[in-house]
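Participant: Each protein sequence line maps, in turn, to chains A and B.
Following numbering that gives the first Met the number 0, the numbering of the first sequence begins with 0 at its first residue and continues without gaps.
Following numbering that gives the first Met the number 0, the numbering of the second sequence begins with 0 at its first residue and continues without gaps.
Heads up, some of the hints might be wrong.
It does not matter which identical chain is used: a pair holds within one copy or between any two.
Straight-line C-alpha distance at most 20 Å; calculated EDC-like pairs for lysine to aspartate or glutamate [to be verified]:
| id | residue 1 | residue 2 |
| --- | --- | --- |
| 1 | 309 | 286 |
| 2 | 281 | 182 |
| 3 | 304 | 284 |
| 4 | 247 | 204 |
Note that these hints are calculated values from the structure, not bench results.
Protein chains: 2
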Amino acid sequence: MAQAEFDNQAFRQALGSFTTGVTIITATAPDGTPVGLTANSFNSVSLDPPLVLWSLAKTSLSVEAFNKAEHWNVHVLSQHQQDLSNTFASRGEDKFSGIELEDGISDAPLIPACSARFQCRNTVTHDGGDHLIFIGEVVDFDQQALPPLVFQQGQYAMTARKPWEEVALSAQPAAPECSYNEDLLGYLLGRSHFQMLYRMRKVLDEQALEDSHFFALSVMNIQHQLTIEELNTHLDYTGHSIGEADVKFLVAQELIKELDNDVYQLTPTGRETSLHHIAQAKAIEEELIAELGSGDVMALKLMLKRLIHKTDPGLPDLWSEQGAK
Amino acid sequence: MAQAEFDNQAFRQALGSFTTGVTIITATAPDGTPVGLTANSFNSVSLDPPLVLWSLAKTSLSVEAFNKAEHWNVHVLSQHQQDLSNTFASRGEDKFSGIELEDGISDAPLIPACSARFQCRNTVTHDGGDHLIFIGEVVDFDQQALPPLVFQQGQYAMTARKPWEEVALSAQPAAPECSYNEDLLGYLLGRSHFQMLYRMRKVLDEQALEDSHFFALSVMNIQHQLTIEELNTHLDYTGHSIGEADVKFLVAQELIKELDNDVYQLTPTGRETSLHHIAQAKAIEEELIAELGSGDVMALKLMLKRLIHKTDPGLPDLWSEQGAK
Numbered sequence: 000m001a002q003a004e005f006d007n008q009a010f011r012q013a014l015g016s017f018t019t020g021v022t023i024i025t026a027t028a029p030d031g032t033p034v035g036l037t038a039n040s041f042n043s044v045s046l047d048p049p050l051v052l053w054s055l056a057k058t059s060l061s062v063e064a065f066n067k068a069e070h071w072n073v074h075v076l077s078q079h080q081q082d083l084s085n086t087f088a089s090r091g092e093d094k095f096s097g098i099e100l101e102d103g104i105s106d107a108p109l110i111p112a113c114s115a116r117f118q119c120r121n122t123v124t125h126d127g128g129d130h131l132i133f134i135g136e137v138v139d140f141d142q143q144a145l146p147p148l149v150f151q152q153g154q155y156a157m158t159a160r161k162p163w164e165e166v167a168l169s170a171q172p173a174a175p176e177c178s179y180n181e182d183l184l185g186y187l188l189g190r191s192h193f194q195m196l197y198r199m200r201k202v203l204d205e206q207a208l209e210d211s212h213f214f215a216l217s218v219m220n221i222q223h224q225l226t227i228e229e230l231n232t233h234l235d236y237t238g239h240s241i242g243e244a245d246v247k248f249l250v251a252q253e254l255i256k257e258l259d260n261d262v263y264q265l266t267p268t269g270r271e272t273s274l275h276h277i278a279q280a281k282a283i284e285e286e287l288i289a290e291l292g293s294g295d296v297m298a299l300k301l302m303l304k305r306l307i308h309k310t311d312p313g314l315p316d317l318w319s320e321q322g323a324k
Numbered sequence: 000m001a002q003a004e005f006d007n008q009a010f011r012q013a014l015g016s017f018t019t020g021v022t023i024i025t026a027t028a029p030d031g032t033p034v035g036l037t038a039n040s041f042n043s044v045s046l047d048p049p050l051v052l053w054s055l056a057k058t059s060l061s062v063e064a065f066n067k068a069e070h071w072n073v074h075v076l077s078q079h080q081q082d083l084s085n086t087f088a089s090r091g092e093d094k095f096s097g098i099e100l101e102d103g104i105s106d107a108p109l110i111p112a113c114s115a116r117f118q119c120r121n122t123v124t125h126d127g128g129d130h131l132i133f134i135g136e137v138v139d140f141d142q143q144a145l146p147p148l149v150f151q152q153g154q155y156a157m158t159a160r161k162p163w164e165e166v167a168l169s170a171q172p173a174a175p176e177c178s179y180n181e182d183l184l185g186y187l188l189g190r191s192h193f194q195m196l197y198r199m200r201k202v203l204d205e206q207a208l209e210d211s212h213f214f215a216l217s218v219m220n221i222q223h224q225l226t227i228e229e230l231n232t233h234l235d236y237t238g239h240s241i242g243e244a245d246v247k248f249l250v251a252q253e254l255i256k257e258l259d260n261d262v263y264q265l266t267p268t269g270r271e272t273s274l275h276h277i278a279q280a281k282a283i284e285e286e287l288i289a290e291l292g293s294g295d296v297m298a299l300k301l302m303l304k305r306l307i308h309k310t311d312p313g314l315p316d317l318w319s320e321q322g323a324k
């Protein structure tokens, strides 16, 4: 491809295939003004001496401040700092307002709650076309167990670690005549759901409750007063429903009671029972977070929410006031 | 922290918080030998002129080859190239064996099936402590729609894009008195599973089949001959089971038939029906891939498999020969 044909937009897009973290780099200008900007051009260079680098556009308003700074700090942002990333990516003033800066080894602003921070001595600058390459010696650093924010193809992203251990579910490789295998998303979702529910069963079995009762009590925990018909609009998509026999059973167990006009609500026992279920579900989730890591579980939830959005058959909003009386 | 106390391992770990893609950089040595290595120190520098950089340990056996090369190529690896990444991260020889190299603008080896590739003229080298910083001018590049391989905290990872659109499921912010909200993993898994299943219902309803029948036929599609008791060991964790009435119904519908000794198998109609179900499940998955992107769905599946591993109550291996007769 001749230089003349070089398509800048396509070039940027191709560069976007290379995934990066997101950093904020800060320094203090000679007049004492704090400066800072979002950069994903950070990278490590050397372990001994400990060097890192990043690039700054020559057109940046902060070029002089960084050139003259004796120190600058690199903040590797966590998933929770996406707003901060946007703020420091803009040209706005007062980027630092509302941030409780911490004390570092230099006058360079030090932002809290990052995945990692590197406090650096500004050592060398190299020319890099329309950018300047800053190389710094790391004088101090720290790290927190916060899932890092990620940038790919012009979008923020989260990572799910590919574990070193094998994740195959079956000891057998999929036989060619098999019409489906463990890679089918529907199978994986069903198995995940039922295995999580299986862990709930001990609690449900103790109370002789079926899945449909568990789901019904959970809905009534949010939507406090419902007719059975209204209750079933929330259950319908699960294939479960509450029939007359179920209502009798739940009333006999003193978990729900009838008010006027065919409207039902949880009894205090029913509410306590449902809260116990939800506490159990949260405990199961906490166990998983301990095993899979909070970053992975967060990414899993995000993707499930996107899947739910894309496959929603138009369910009533469980948390809206409309359904409640 | 004084320089003497600098903990190299902690420093590497903190650097690992900064997520990167994975690249293979290649060149041809003066004697014609192809050289290549895995690097995650790649980054873009400048758009005009188009410059990129990466760092190479001064102790690397390939230093001389890269120093003398007029060109080198950067390959941004895709999720499918993890093995290749490992190969080029080792010191082994014959790294290029089995790779069908493509023709580029120079003699530098060009590896196929990457997320993006940058063919560069070797322009400047800077000292970077124990590394050399190579800066190259991008002369040609290309990109493919393959999800990129990611590296974070010393592990390979996958990314799930954080969509710009809001992913909240409810129009209402979670009220403080709510005992659970849309962030509960168990709820998200259940809703995802049931919404996917809901899309199957049109097909199932046409045949008056219940969820348990669908699950049973799917199991019998893999494990061809089973007693009902054996079949139910595969269904038990779902809370579903096949009882006498179900067996009668499925036999009457000519979907399963009894062989000797209480052993059942699918009839040709039953097999065709199950294949139709699975084709439908695959079509639903394809629709989702089109909407969410193949990288995200791949990451979702990976995490579901890890969740399944961690929550497995000891289910029989559906795909193993043991259960089959």
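Participant: With reference to the structure, classify each hint as holding or not holding.
Facilitator: Do the hints match the structure? See the list:
1. 309 to 286: between (29 Å within a copy, 9 Å between copies)
2. 281 to 182: Answer is between: at 10 Å across copies they meet the 20 Å cutoff, but 28 Å inside does not.
3. 304 to 284: For residue 304 and residue 284, both the intra-copy (16 Å) and inter-copy (16 Å) Cα distances are at most 20 Å.
4. 247 to 204: This pair counts as within: shortest intra-copy Cα distance 18 Å, inter-copy 28 Å.
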